[in-house]
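Participant: Assemble chain B onto chain A, guided by the hints.
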Amino acid sequence: MTEHDRSQLGAYALGALEPDEVREVDEHLATCAECRTEVAELEEMKYFLGEVPPEAFLDGPPDGGELLLQRTLREVRQTAVEPAPVQAPPARKRTRTWLLAAAAVLVVAGALGGGVAIGRQTSEPAEVPVAGSKHVNSSDVATGTTMATTVEPRAGWSWVMVQITGLKAGAECQMVVTDKSGKTWIAGSWVVSAKAAQEGSKFGGGVLVPLNQVRSVEIRTLQGEHVVTAKI
Amino acid sequence: MATQVTEFRPRLSPAIAVAGESPIVRTVGDYPGPEAAETLIRSLYAEHGRSLLAYATRLTGDRAAAEDVVQETLVRAWKHAGDLTAGKGSVRGWLLTVARNIVTDRARARAARPAEVADVEIRPPVEGDHSESVVNTMIVMDALDQVSPEHREVLVQLYYRGRSVAEAAKELGVPPGTVKSRSYYALRALRAVMAGTEAEVAR
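The listed protein sequences derive, respectively, from chains A and B.
Going by the working numbering, the final residue of the first sequence carries number 1136, and the count climbs one at a time with no gaps.
Going by the working numbering, the final residue of the second sequence carries number 631, and the count climbs one at a time with no gaps.
Honestly, the hints are just simulated from the structure, not real lab data.
Only a predicted model underlies this, so the values are computations on that prediction, with no experimental measurement involved.
One thing to keep in mind: the hints can contain errors.
Far from chain A, by Cβ distances over 10 Å, these chain B residues were calculated [stated by the list, open to error]:
#1 Ile530
#2 Arg538
#3 Ala540
#4 Ala571
#5 Ser592
#6 Ala596
Quick look at which bits of chain B chain A covers, simulated, 3 or more residues with Cβ under 8 Å [what the hints assert, rightly or not]:
#7 467-475
#8 518-524
#9 573-587
#10 609-621
Here a beta-carbon is modelled for each residue, glycine too, at the ideal position from N, C-alpha and C.
Isolated chain A (complex conformation) (with noise of 0.2 Å):
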C-alpha cells in the first residue's frame, strides 16, 4: 500500500477490502500510527451506523399489504370520531431527550473538537448528574495539577468528563481511558488554549467501554507524558 493511502482506509474499516488488499492494509497501518489513527476515527463511525438497521434504506409500499393497510385504515377510523386519544409529550420532556441526542452525538465531538466549548456544552446534564454517575476528584503533584473526572454510563458505553487546572497554554492533551482488563482507549485530544490554562480546561469524550469497566482516566500529553490520573 502506498504511504497514506487514506482512499483505501474507509473500504477497509467497513470491512469491504480483499484479504489481499486487507494484509497491504495491516502492513502499513502496523509501521503507521497516523492511519491508525484516522482507522480508529472511521470504525467508530460503524458504531453508529449499527444504530440503523439495513431495512431502513427500503423504499415504497410493501408487498401484498393491501389488507394491512386497510385493517389500519379502519382503526383509525373508528378511533378518529373519538376525541383526541393522546396528547403529544409536553414540550419540556421533548427538550430534555434533544439533550440527550446532544450527548450521543458527542461521542463524535469529543474526539474531534471540544476543550472549553465541549465543557460548557455537557455543564448542563453535569448540573444534574446521570444516575449512576461516577464522580472522582485527583490532583498530581509532580505536575501540580487537579482534576475533577465525572464519569457517566451510557446504554454500552460511557460518556467522561473531566474538568483541569494547573495546564500549561499549548499543550496538547488526549484523555486515555483504561479498563479493567487493562486495555486503553483514546476518548480524544485537545490543545489547552491561554483561557483555559488560566481558569481550567473543560473536556468529555466517550469509549466503547460500560462504566463498570472503567478502571482509571489519565491525562497524557501528545509526547507520553503522563498528567493527571483519576482512579474510577
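Facilitator: Quick look at chain B alone, frame taken from chain A:
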C-alpha cells in the same frame, strides 16, 4: 495528530434542533376527521410501509405478527403526529424505532406469562437503554440524510448490504477505486455531520 480546539457548536439538523417546529404532519388535533387521518396513514404506508414491514418481519420472524406491529406503528404515528418532523430520515427513524419498541414490549409481555404452544418465537432486538436507542436511530438516519446521495449509496452498499468493493462497483456502475475513495469520504462526511460541521480537525 493534534486536535485543534475550535469553538464547538453542535449543529444538529434542523429537524432535530427545532423539534416540534415545522412538523411534516400536524398534531392529532389537526387531524380530527377520518379523511385527514386516512390521508396521513396512506402517505406513511406508501412511503415507509415496505421498510417497516421488512424490519418487523425480521425482528418477529413472522409475517402476521409483523403486520400487527406495522399497524400499531402507523396508528401511533397518527396519534403522535406532532412528533414527526420534516425530513424523511427522521420520520422513518421514528417509525422504525417505534416498531422495534412494540416488538420488544410484546416480547417482554410474552415472557411475563406462561408460554403457549402456538406462540411464535419473538426475537427481541438487542437490549439497551430504550430512550437512548430512540435518539440514536433517528440521529443517524438524519445524519445519513445530510450526506450526499453518492456517499449514502456507498455506505448502504458496503455497510448495510455487506457488499465487497467489487460488488458495489458493479451495482453502482462506477470503478472500484471510486467506491473506495467514496467510502472514505462518506465516513468522514458522516463524522463531520455528526459532530457539527464547525468542528474542524487540524492536521
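Participant: To test your reading of the hints: which numbers does this structure violate?
Facilitator: 4, 5, 6
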